[in-house]
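Asks: Sequence:
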Amino acid sequence: MLPAAANPTPENKNSVGEAANNVGKSVRDLVAENAVMVFGRKGCCMCHVVKLLLQGHGVNPTVLDVDEQNEADVTRQWSAFHGIEGPAAAAKFPAVFVGGELLGGLDEIMGAHISGELVPRLRAAGALWL
297 MLPAAANPTP ENKNSVGEAA NNVGKSVRDL VAENAVMVFG RKGCCMCHVV
347 KLLLQGHGVN PTVLDVDEQN EADVTRQWSA FHGIEGPAAA AKFPAVFVGG
397 ELLGGLDEIM GAHISGELVP RLRAAGALWL
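Oh and the sequence shown: position 59 is 355 in this note's numbering, straight run, nothing missing.
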């Protein structure tokens, strides 16, 4: 379960991020309930770039900015339900989930964007209507 200290970003105050604070939703629940879910570090410039890229495509991702003391717990949760072990399970922020699957961090999102794979994945997840 996510600790109560995790706060949503200001642009998503009414999002599931706020609900996670109130009811202690798990990472698995947040990922399952949102077409696009971004876990980021507070004040991280790479997280900001990912949010801007997604918003530029017309996607309104649910964003949960994780405090430093909660990073290990959040990372452990998403690694566990995706079967990621060893060094690959180390904290990597931002972590972007599209359609319930871990797409990756900034490098993977940019790669998918440049290769033309991002928009079809966003459509398939129900994050884009056009």
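Calculated directly from the structure, the hints in this document are not laboratory data. Any given hint might turn out to be false.
[Said to hold, decoys possible] Once the Cα atoms are required to be at most 30 Å apart in a straight line, the calculated BS3-like pairs of lysine-lysine come out as: (1) K338 with K388; (2) K321 with K338; (3) K388 with K321.
Everything numeric in this text was worked out from a predicted model, so none of it was measured.
Asks: All hints are to be evaluated individually against the structure, with a verdict given for each.
Replies: How the hints compare with the structure:
no.: 1; hint: K338 with K388; in the structure: holds (13 Å)
no.: 2; hint: K321 with K338; in the structure: holds (19 Å)
no.: 3; hint: K388 with K321; in the structure: holds (20 Å)
The structure shown violates none of the earlier numbered hints.
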